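Trainee: Place chain A on chain Y using the hints.
Chains Y and A, in that order, give the protein sequences.
Under the UniProt record's numbering, residue 94 is the last one in the first sequence; the count climbs by one each step, no gaps.
Under the UniProt record's numbering, residue 469 is the last one in the second sequence; the count climbs by one each step, no gaps.
I should point out that these hints are in silico values taken from the structure, not numbers from a laboratory.
Quick caveat, the model's predicted, so the values are computed rather than measured.
Yeah, the Cβ is synthetic: ideal placement off N, Cα and C, and Gly gets one too.
Check before you lean on any hint, since a few could be wrong.
[Unchecked claim] Among chain Y residues calculated to face chain A with C-beta under 8 angstroms, some are:
| # | residue |
| --- | --- |
| 1 | Phe-10 |
| 2 | Ala-34 |
| 3 | Ile-39 |
| 4 | Ile-44 |
| 5 | Ala-50 |
| 6 | Ala-52 |
| 7 | Val-72 |
[To be verified] Some chain A residues well away from chain Y (every beta-carbon gap over 10 angstroms; in silico):
| # | residue |
| --- | --- |
| 8 | Val-50 |
| 9 | His-57 |
| 10 | Arg-81 |
| 11 | Ala-168 |
| 12 | Ser-274 |
| 13 | Gly-414 |
[As the list claims (entries may be wrong)] Output of the computed footprint for chain Y on chain A, the stretches with three or more beta carbons under 8 angstroms from beta carbons of chain Y:
| # | segment |
| --- | --- |
| 14 | 90-103 |
| 15 | 218-231 |
Listed below are the residues making up each chain.
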Amino acid sequence: MDFISILSIFVLACFVGYYVVWSVTPALHTPLMAVTNAISSVIIVGALIASAAAGSPSAKWLGLVGVALASVNIFGGFAVTARMLAMYKKKEKK
Amino acid sequence: MHEATPVNPWVALAYLIAGVCFILALRGLSSPESSRRGNRFGMIGMGLAVGTTLITHEIASLPEIGGAIAIGGVIGFVIARKIAMTAMPQLVAAFHSLVGMAAVLVAAAAYQNPEAFHIVDAAGQIFAVSRVEMGLGIAIGAITFSGSVIAFLKLNGNMSGKPIMLPARHFINLGTLAAILGLIGYFVTDQSPWVFWTVTALSFLIGFLLIIPIGGADMPVVVSMLNSYSGWAAAAMGFTLSNTAMIITGALVGSSGAILSYIMCRAMNRSFISVIAGGFGAEAAITGGGAATDRPWKRGSAEDAAFLMKQAESVIIIPGYGMAVAQAQHALREMGDLLKEEGVKVKYAIHPVAGRMPGHMNVLLAEASVPYDEVFELEDINSEFAQADVAFVIGANDVTNPAAKTDKTSPIYGMPVLDVEKAKTVLFVKRSMGGVGYAGVDNEVFYMDNTMMLLADAKKMVEDIVKSL
Chain Y
1 MDFISILSIF VLACFVGYYV VWSVTPALHT PLMAVTNAIS SVIIVGALIA
51 SAAAGSPSAK WLGLVGVALA SVNIFGGFAV TARMLAMYKK KEKK
Chain A
1 MHEATPVNPW VALAYLIAGV CFILALRGLS SPESSRRGNR FGMIGMGLAV
51 GTTLITHEIA SLPEIGGAIA IGGVIGFVIA RKIAMTAMPQ LVAAFHSLVG
101 MAAVLVAAAA YQNPEAFHIV DAAGQIFAVS RVEMGLGIAI GAITFSGSVI
151 AFLKLNGNMS GKPIMLPARH FINLGTLAAI LGLIGYFVTD QSPWVFWTVT
201 ALSFLIGFLL IIPIGGADMP VVVSMLNSYS GWAAAAMGFT LSNTAMIITG
251 ALVGSSGAIL SYIMCRAMNR SFISVIAGGF GAEAAITGGG AATDRPWKRG
301 SAEDAAFLMK QAESVIIIPG YGMAVAQAQH ALREMGDLLK EEGVKVKYAI
351 HPVAGRMPGH MNVLLAEASV PYDEVFELED INSEFAQADV AFVIGANDVT
401 NPAAKTDKTS PIYGMPVLDV EKAKTVLFVK RSMGGVGYAG VDNEVFYMDN
451 TMMLLADAKK MVEDIVKSL
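Okay, chain Y solo, but in the shape it has when bound (with noise of 0.2 angstroms):
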């Protein structure tokens, strides 16, 4: 792709995340955090591809380690957020 095909995705996902989070009930706030912080961790796409490739092996290693942080913000991310948002009930109708 060149780079004004991906610039043109980037301007209009920022348009697309300022709409989307100003839509964020407030009380969410932290799960939307939490969250974020799992998503942005697709950067383990990045190192995957570094410690897959042969050719150099400190780019693998350095590959690797960069897999394992992002795996810890993946997996935590996610589990976390789940666990605030199954705390966030209705009143019990009597």
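Mentor: Showing chain A alone in chain Y's frame:
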């Protein structure tokens, strides 16, 4: 399929779908009912992104990769299960630092093995545009890492929450930032390792320097800001890899953190620049303290408080950071339940900056099984204080200070506050009369005729009230 090509339409499509899943994950958070489904979308998106990468690349080292994922996954999962809800701000800061470090590692790996990332020309030179992206990625990643580590240490109490002010720090910080940007520019013409590693080292340094002068009360802004940085770091690496999932996610997370920072700044009536400049709460303590301590105030007991609230028609509870520190949320919910049995209307009022991160109080109340439809934000409940019989302030201070509305000389002047003083009676739970809030200002509410101070540990006081009810 051997060497994967980034132009394979199916791969691009899979990453695009992953990106859309992440958008849906955030969209779900617009209400608690849809939020759990949203979180599942997030997981699906992540699974898709990781799966696609693994399938389309010639994997030379599957066991090692599997091992790395397993180790990281187990650690993350165990932490997520065990962590106390009151420690959520520290946890989020720690997670941010990991994203930052992962970005640094990916950028470093891409620098050492650019062929794997398809960012080299025939002569073995890294594309100029990729060098800029890589430089920005490593700089933002490193800043996120060291900044988050400091934020973690401050939030976790390993480091004092007091601002640490270096002499000439604005000069040092701006100089370092300029050097980083200059070197990234120079990196375009010269891809030698010293340029790359100097950028990395300076970025680690600036992250550290930027966060040490920021005080504890400004931590909600800092945590949100680092959240934003971790997104921009992911986006920068997404540019390097031409990966739509990473770019979409980076943009989402980046704007999310930026919006949260903005909301937090607005809730404190402070500009983003003044928060970044730091030092809030360091000088104010000297000006605000002195004169007021000998003014008359009323002390109440748990029995008095229980009696007053039992007689009341409506009670509004205002929790703050002190409630989190004392872990009083469960006792508080018990108190609320007993009052409701007495026919008292109980509501909770939450100031946007109560606690140490956005939405901190909401999570704690949810943990204590307080139904979320009893919890209200500042603008939704502020008009109700005038009709309320009792305002029960527990562990909050600055966010209830009427000086923010009246006293132009106060450091918190202009900050939106909860109008607790309009309630018929104010019950103020506080450890002692000596301490002042983070802004270091005295609170007029303490000395009002209709205020009763309940001086004790928040949890103990609430438990005593529960016994008396």
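Trainee: A separate judgement is required for each hint: does it hold in the structure or not?
Mentor: Going through the hints against the structure:
no.: 1; hint: Phe-10; verdict: 5 angstroms, holds
no.: 2; hint: Ala-34; verdict: 6 angstroms, holds
no.: 3; hint: Ile-39; verdict: 5 angstroms, holds
no.: 4; hint: Ile-44; verdict: 6 angstroms, holds
no.: 5; hint: Ala-50; verdict: 3 angstroms, holds
no.: 6; hint: Ala-52; verdict: 5 angstroms, holds
no.: 7; hint: Val-72; verdict: 4 angstroms, holds
no.: 8; hint: Val-50; verdict: 6 angstroms, violated
no.: 9; hint: His-57; verdict: 5 angstroms, violated
no.: 10; hint: Arg-81; verdict: 7 angstroms, violated
no.: 11; hint: Ala-168; verdict: 33 angstroms, holds
no.: 12; hint: Ser-274; verdict: 22 angstroms, holds
no.: 13; hint: Gly-414; verdict: 20 angstroms, holds
no.: 14; hint: 90-103; verdict: holds (count 9)
no.: 15; hint: 218-231; verdict: holds (count 5)
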